[in-house]
Amino acid sequence: MTRHLVPVAVGSGVAAAHEGGALGTVVGTFRHGFYVRAEGRLYAVAGPSVAPGPIHLILESPPAGVPEGLTVWMDGGMLCSTEWRIGLTGAPVYAPLLPGPSALRLAGPYLGEMLDRLTVPPDLRSSWDQVRQAVAAGDLPRSRALLEGRGGGLTPTGDDLLSGVLLVHAWNGGDRQSLGRVAEEAATTDLSRSFLVWAARGQSIATVHDLVASAALEEAADFEEVVAQVSAIGGSSGIALLWGIGLAVASVTTAGAASPTA
Amino acid sequence: MSVTPVVELPEAVDVVNIGLPLFESALRSQGQPVIGVDWRIPGGGEPRIVAALARLLGPGTDRIDRANAEVLRRLDEGVPMLVGIDRAGAVIEGMGERDILHCGPAIAWEDMPDPLQRSVRAAVVAEGWADDVDGAGGLVEAGEVHLRPANEHRTVVPMATSIGPSAPVYVVHDEAGSSTAYSSINQGSGAVQWFGVDSDAAIDRLRFVRDKLGPVLAEALATNGPVDVFALAAQGVPMGDDVHMRVQATTNLFLRDLLPSLVRSTHAAAAEVATFLSANHLMFLNVAMAAAKSLVEWASEVPDSSIVTTMSRNGSTYGVRLAGGGDWFLAPSPPVQDALYYPGFGPETSAPDIGDSAVLELVGLGGPAAANSPAVAGFLGGRMSHAIAATRSMQRICAGESARFRLPILDNVGTPLGVDVRKVVELGITPAVNTGIIHATDGSGQVGAGVAWAPLGCFVDALLDLDRRLA
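Top to bottom, those sequences are chains A and B.
Residue 1 is where the first sequence starts when you use our numbering, and the numbers rise one by one after that.
Residue 1001 is where the second sequence starts when you use our numbering, and the numbers rise one by one after that.
To be clear, the hints were calculated from the coordinates, so they are not data collected in a lab.
Hints are not guaranteed to be accurate.
From chain B, some residues computed to sit far from chain A (all C-beta separations above 12 Å) [as the list claims (entries may be wrong)]:
{"id": "1", "residue": "P1059"}
{"id": "2", "residue": "G1089"}
{"id": "3", "residue": "V1091"}
{"id": "4", "residue": "E1144"}
{"id": "5", "residue": "A1201"}
{"id": "6", "residue": "G1225"}
{"id": "7", "residue": "A1231"}
{"id": "8", "residue": "P1238"}
{"id": "9", "residue": "H1281"}
{"id": "10", "residue": "I1409"}
{"id": "11", "residue": "D1411"}
So the derived list for chain B, only partly shown, Cβ under 10 Å to chain A, looks like this [to be verified]:
{"id": "12", "residue": "L1022"}
{"id": "13", "residue": "A1026"}
{"id": "14", "residue": "L1027"}
{"id": "15", "residue": "Q1030"}
{"id": "16", "residue": "A1331"}
{"id": "17", "residue": "T1430"}
Label pairs and their in silico Cβ distance ranges [what the hints assert, rightly or not]:
{"id": "18", "chain 1": "B", "residue 1": "V1034", "chain 2": "A", "residue 2": "G77", "range": "33 to 43 Å"}
{"id": "19", "chain 1": "A", "residue 1": "G77", "chain 2": "B", "residue 2": "D1228", "range": "54 to 64 Å"}
{"id": "20", "chain 1": "B", "residue 1": "I1041", "chain 2": "A", "residue 2": "L98", "range": "36 to 46 Å"}
{"id": "21", "chain 1": "B", "residue 1": "A1054", "chain 2": "A", "residue 2": "M78", "range": "42 to 52 Å"}
{"id": "22", "chain 1": "A", "residue 1": "T119", "chain 2": "B", "residue 2": "P1005", "range": "21 to 31 Å"}
{"id": "23", "chain 1": "A", "residue 1": "T254", "chain 2": "B", "residue 2": "R1383", "range": "48 to 58 Å"}
{"id": "24", "chain 1": "A", "residue 1": "S61", "chain 2": "B", "residue 2": "D1200", "range": "42 to 52 Å"}
{"id": "25", "chain 1": "B", "residue 1": "A1268", "chain 2": "A", "residue 2": "D75", "range": "46 to 56 Å"}
Every residue gets a Cβ at the ideal spot worked out from N, C-alpha and C, and that includes glycine.
Input sequences plus hints: build the corresponding full structure.
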């Protein structure tokens, strides 16, 4: 019997992965859901305990018993498999508010102070000085070369940091095409690259957008809470992402609306 | 004086990826060589499953292994002989004159998927109980026709087949185990009932099978004498058959054996039957299924075993039983994952996995024999290495290997034999079943073929039940 699953937040990366009628396949499962890959793009289908994001399809309740290898496709506005249907037409689309250069400048002090409290991810320590220099200089190709696929985790630590950098440059008005190229060309896992691609478009998970908003509004309690939430993501993913945002914000607010090397 | 050690980093790194394949595929797409190790947390890490595995692979091992050795002996040393063809209602024990035997575990009419409902309606019309399929559906809904799982009557039927009492069935007897089993006669390709079609032509084909094909083959078998089914299958495997998805070579061997008797037939339909046989490359499938059923029936009498002796699907549920158990353990029937479709069809138009033919995977044929079959490789990506990988995965979950079915491509090693539920649950690897795919809703018949991976849930439940029984 086909189950009908109810979406509560749909990232733009879900439909984009199936553009041109691309068939997807369930390539992995985790406690709260599963991953689908279609034409090299990945997205996650998960229950409400996972934060909304550009490559997240959040359901009313966690999907159960989804086998690896299951084929997934789009039929009009319906995401389908032979086991379930998810109606995407009319479902709430995840569309986070993207901060602009002025919001970044306002958020700068909070984010800078945040860096003083973060530990350096162990798997980036050996190249840490070079990473900081490249990010501070706005040198995205160099940053990518130092960070792509580096470190442990389902999304490698280096990619998490790089996604923070790309987010800031996208929010600061950087050229989307150049930023997109940095993301697309990253030598890493498909999952990580999918996050990078959306970071280059200025989108990340909801808590990251809350982070910048609370910093810009100087809402100290909210900011601390969000920092704690992001820090708790993955083994070191959240912390690396915060480093990327913090370092990049420092570079762009120092240089004004900088034109990154991309 | 201390000397600072010099660390020399390698110029190249060889990668072995253990577990999640996302990393392996990322490296491959970047042109890096990588060895992938398919590792998962035993039992999914669920405490009650891990505890059961610890008992069944620890203190319970000797008792289970002794039972499994006997099961393997029966699966490997039984000699199923095709002894004849007879009327289902006359030879199948417990089959009533108003019964329809269907594939898979027991299922109510209203829960049957569309292809199986169509199949039942066609069988009812062919029996002459109703004038048309609408009337047939009405009879079943009114409870005037009894639906029973073929498996519980020592019978197996492929895909969406269902049979009434007048249908002819192969009778296969294993003298070593004194077990007899039955299967329907293959209806050929096209718009036929076993692919979930209930058109007039499909019903006419059922009548042809009953009134012409069955009698001609029965006569030929009577003249020829019993046929050693697995002796033919053992020749067919090195010729590229997996004897499930592809049975072309074995069908030819079978018909070659029967040819002298067939040409002597005095039946009026002999020429028509010969034309049908020459165009049906699937003829041996049902014969092999009946033979496999006779062996698993014998093996199922062994108590305390962890070997699977029933694996069957009705298009809605997937059921397994263990030797010495008897209870069915069910999970939703999965889609056929690795598939090739006819033009215009895809997963959205396909019914879930269906049929009793997975009995072949339990005796060393089908998925276990995939490695030597270029035809199966075609469904798995095209390369023989893909087919070999399917056999390798079966090796990991089987308790032994066949002495009679051998794989030349793997240095003549025997095909994996005896699916061990402990290994399935520990490794999270389920049997690969080579199978056809039929349309989910419109009764147009076969839309492709592929490899279906059994759902894990029913194996987990069977394991937990074995643990309770042995406590």
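Each hint, compared with the structure:
1. Taking the minimum C-beta to C-beta distance to chain A, about 31 Å, the non-interface status of B:P1059 holds against the 12 Å cut.
2. Interface exclusion of B:G1089 from chain A stands, the closest Cβ pair being 33 Å apart, more than 12 Å.
3. At roughly 36 Å, the least C-beta separation between B:V1091 and chain A is larger than 12 Å, which holds for a residue marked as non-interface.
4. Separation of B:E1144 from chain A is adequate, the least Cβ-Cβ distance of about 26 Å exceeding the 12 Å criterion.
5. B:A1201, annotated as away from the interface, keeps every beta carbon of chain A farther than 12 Å; the closest lies near 28 Å.
6. Even its closest Cβ contact with chain A, about 45 Å, leaves B:G1225 beyond 12 Å, as expected for a residue assigned away from the interface.
7. With a cut of 12 Å on Cβ distances, B:A1231 stays outside the contact zone with chain A, its closest approach being about 36 Å.
8. In this structure B:P1238 is separated from chain A by more than 12 Å, as the shortest Cβ-Cβ distance comes to about 30 Å.
9. In this structure B:H1281 is separated from chain A by more than 12 Å, as the shortest Cβ-Cβ distance comes to about 28 Å.
10. With a closest Cβ-Cβ approach of about 24 Å to chain A, B:I1409 is found to remain outside the 12 Å limit, as its non-interface label requires.
11. The claim that B:D1411 is not at the interface with chain A holds, since no C-beta of that chain comes within 12 Å of its own (minimum 29 Å).
12. Annotation: interface hint on B:L1022 holds; nearest CB of chain A at approximately 5 Å, less than 10 Å.
13. Hint status for B:A1026 relative to chain A: holds, with the closest Cβ pair at about 4 Å, below 10 Å.
14. The interface hint given for B:L1027 holds, since its Cβ lies 9 Å from the closest Cβ of chain A, which is under the 10 Å cut-off.
15. Against a cut-off of 10 Å between C-beta atoms, the interface hint on B:Q1030 holds, since the closest Cβ of chain A lies about 5 Å away.
16. This hint holds: B:A1331 has a C-beta 8 Å from the nearest C-beta of chain A, less than the 10 Å allowed.
17. Annotation: B:T1430 was flagged as interfacial toward chain A, and the flag holds, the nearest CB pair being 9 Å apart, inside 10 Å.
18. Evaluation of the 33 to 43 Å hint for B:V1034 and A:G77 yields a pass: the beta carbon distance comes to about 38 Å.
19. Between A:G77 and B:D1228 the CB atoms are about 57 Å apart, so this pair conforms to the stated range of 54 to 64 Å.
20. The beta-carbon spacing between B:I1041 and A:L98, approximately 39 Å, falls within the hinted interval of 36 to 46 Å.
21. Roughly 44 Å separates the CB atoms of B:A1054 and A:M78, a value that falls within the hinted 42 to 52 Å.
22. Range check, A:T119 to B:P1005: Cβ separation about 28 Å, and the 21 to 31 Å hint holds.
23. Between A:T254 and B:R1383 the Cβ separation comes to about 55 Å, which falls inside the hinted range of 48 to 58 Å.
24. Checked against the hint of 42 to 52 Å, the C-beta distance between A:S61 and B:D1200 comes to roughly 46 Å, which is consistent with it.
25. At roughly 51 Å, the beta-carbon separation of B:A1268 and A:D75 lies within the given 46 to 56 Å, and the hint holds.
Every hint from the earlier list agrees with this structure, and none is contradicted.
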